[in-house]
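Counted from 1, the sequence shown has number 198 at position 198 by full-length UniProt numbering; the numbering is strictly sequential.
Honestly, I wouldn't trust all of these hints.
Derived lysine-lysine pairs resembling PhoX-like cross-links, with alpha carbons at most 20 angstroms apart [unchecked claim]:
| id | residue 1 | residue 2 |
| --- | --- | --- |
| 1 | 194 | 184 |
| 2 | 119 | 16 |
| 3 | 173 | 140 |
| 4 | 211 | 229 |
Pair ranges (Cβ atoms, derived) [said to hold, decoys possible]:
| id | residue 1 | residue 2 | range |
| --- | --- | --- | --- |
| 5 | 66 | 119 | 29 to 39 angstroms |
| 6 | 173 | 249 | 28 to 38 angstroms |
| 7 | 362 | 205 | 41 to 51 angstroms |
| 8 | 232 | 203 | 37 to 47 angstroms |
| 9 | 66 | 146 | 43 to 53 angstroms |
| 10 | 203 | 173 | 26 to 36 angstroms |
| 11 | 186 | 397 | 48 to 58 angstroms |
| 12 | 360 | 203 | 17 to 27 angstroms |
| 13 | 173 | 237 | 49 to 59 angstroms |
| 14 | 92 | 21 | 16 to 26 angstroms |
| 15 | 208 | 146 | 16 to 26 angstroms |
| 16 | 94 | 133 | 13 to 23 angstroms |
If you're looking for bench data, these hints aren't it; they were derived computationally from the structure.
We put the CB at the ideal spot given by N, CA and C, even for glycine.
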Amino acid sequence: MAAQEPSPPSSMENNKPGFPKKILANKLEDKHLCNCCQNILRRPFQAQCGHRFCSYCFNRTVGSGPQKCNACIKEDIFEEPTSILKPGCAFPDNAARREVENLPAVCFNEGCSWKGSIKDYELSHEGKCEFMILPCPLCKELIRLNEQERHNERECPERTLNCKYCKEPFHFKNIKAHDEICPKYPMICEGCAKKKIPREKYVDHIKFCGKFRTPCRYHVVGCDMSVEKEKIHDHERVCAHEHLNLLLHYIMGMKVSLEGLQPQSLELAGHKAHELHQALRDLEARVSQLSTLPGPTGPPVQGVPSSSSSAAAPPPLPPPATTLPTSFTPLPSSVGAALELQLHSEKTKVADLGRRCQELEVKAGTFEDVVCVLNREVERFATTIEASNRQHRLDQDKIEALSNKVCCLF
1 MAAQEPSPPS SMENNKPGFP KKILANKLED KHLCNCCQNI LRRPFQAQCG
51 HRFCSYCFNR TVGSGPQKCN ACIKEDIFEE PTSILKPGCA FPDNAARREV
101 ENLPAVCFNE GCSWKGSIKD YELSHEGKCE FMILPCPLCK ELIRLNEQER
151 HNERECPERT LNCKYCKEPF HFKNIKAHDE ICPKYPMICE GCAKKKIPRE
201 KYVDHIKFCG KFRTPCRYHV VGCDMSVEKE KIHDHERVCA HEHLNLLLHY
251 IMGMKVSLEG LQPQSLELAG HKAHELHQAL RDLEARVSQL STLPGPTGPP
301 VQGVPSSSSS AAAPPPLPPP ATTLPTSFTP LPSSVGAALE LQLHSEKTKV
351 ADLGRRCQEL EVKAGTFEDV VCVLNREVER FATTIEASNR QHRLDQDKIE
401 ALSNKVCCLF
């Protein structure tokens, strides 16, 4: 019965190349090195040519088909088919594995004092050393394994946080931008000093907050005071005279502007209308001249017999060598059509300009009416205020007289 050929381990058994050379505590020997990755053998396999490979390196080498052994070529001992690497031509070298795994090892990470065998290194320390340097998967900064948790929670600029107000996730670098839009972010009312008002309810709060200061509604005419909402009526009552003065100055300025613009606009429109009327008259004159010009068959020339002469008349004279001069040149019909089109266009412009002039006059009249109404309102308010002031003085006089009487009684 033929012996069964050994097969290399599957990729599931081990998927790592050899151990790094710097973990070896003693002097390194060439027999402990993989002929492919040049690191310390990990689960060594021996090919039929005698050279050793890591199981991972051998599987990767023959995975794309039979390959020549580079070690045989380098040592000048290449011989077919012995030096051809292919699946099924290598077997696990357990003796070499025991020898390698019993070699003394140390951890090469800075600050780590671990010592043991290569077997212990593979089972309990490889990939688990707290001093191992790894790149952060988010920011790519190199950090130690024992600092990775703290880095991920407190230091990484790319870390993800959950907003403590709205619970939505965001990147740490965007924390300020999130605070500006977070609907649950606590706001402080500038009026009543109430705290922890969610941003989504802040607008409703200041809408009804009596302590919130708002610009006076007469700020459009010059009042620059900001007043608490609950005191806005008191402000308007106390400052009514100032508000009326501001309103009067504003209206008078508007009136001056309108009076300054109106003559300019009307004068410009009138000048343009005059130019268009003049151009229209010129075009009408030219069209009239063209319509009265004789055609190519004009009246007979004097001395030339007409077609109605009697048969007894002498035979007609031969035509002269040169034609009679004329005082005009007949124009083609296309020129007349073009002039008619231009005439129609100018008439349209004149009509449009006249309509615009009428609109300007109507607007000017409307503005004048508005100014008159506002002037009457200002005068009425001024009269009311004067009457109030007069009544106030009378009341003060009465109070003073009563006070004097009381003093006399005592």
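Quick rundown of the hints versus the structure:
1. As the CA atoms of residue 194 and residue 184 are separated by approximately 15 angstroms, the hinted pair is consistent with the 20 angstroms bound.
2. About 14 angstroms separates the Cα atoms of residue 119 and residue 16, which keeps this hinted pair within 20 angstroms; it holds.
3. In summary, the hint linking residue 173 to residue 140 is supported, as the alpha carbons are separated by about 15 angstroms, within the 20 angstroms threshold.
4. Of the pairs offered as hints, the one joining residue 211 and residue 229 holds, with about 6 angstroms between alpha carbons and a cut-off of 20 angstroms not exceeded.
5. Separated by about 33 angstroms at the C-beta atoms, residue 66 and residue 119 satisfy the suggested range of 29 to 39 angstroms.
6. Between residue 173 and residue 249 the Cβ separation comes to about 53 angstroms, which falls outside the hinted range of 28 to 38 angstroms.
7. Separation of residue 362 from residue 205 is about 48 angstroms and conforms to the stated range, judged on CB atoms against 41 to 51 angstroms.
8. Against the hinted window of 37 to 47 angstroms, the Cβ-Cβ separation of residue 232 and residue 203 comes to about 19 angstroms, which falls outside the hint.
9. Judged by the Cβ atoms, the range 43 to 53 angstroms given for residue 66 and residue 146 holds: they are separated by roughly 47 angstroms.
10. Evaluation of the 26 to 36 angstroms hint for residue 203 and residue 173 yields a pass: the beta carbon distance comes to about 29 angstroms.
11. Distance hint check: the CB atoms of residue 186 and residue 397 are about 56 angstroms apart, consistent with the given range 48 to 58 angstroms.
12. Take residue 360 and residue 203: their Cβ atoms lie about 44 angstroms apart, and the range 17 to 27 angstroms is violated.
13. Checked against the hint of 49 to 59 angstroms, the C-beta distance between residue 173 and residue 237 comes to roughly 53 angstroms, which is consistent with it.
14. Residue 92 and residue 21 have their C-beta atoms about 22 angstroms apart, which keeps the hinted 16 to 26 angstroms range intact.
15. Checked against the hint of 16 to 26 angstroms, the C-beta distance between residue 208 and residue 146 comes to roughly 56 angstroms, which is inconsistent with it.
16. A beta carbon spacing of about 34 angstroms between residue 94 and residue 133 contradicts the range 13 to 23 angstroms that was offered as a hint.
The structure fails to meet hints 6, 8, 12, 15 and 16 from the earlier list, while all remaining hints are met.
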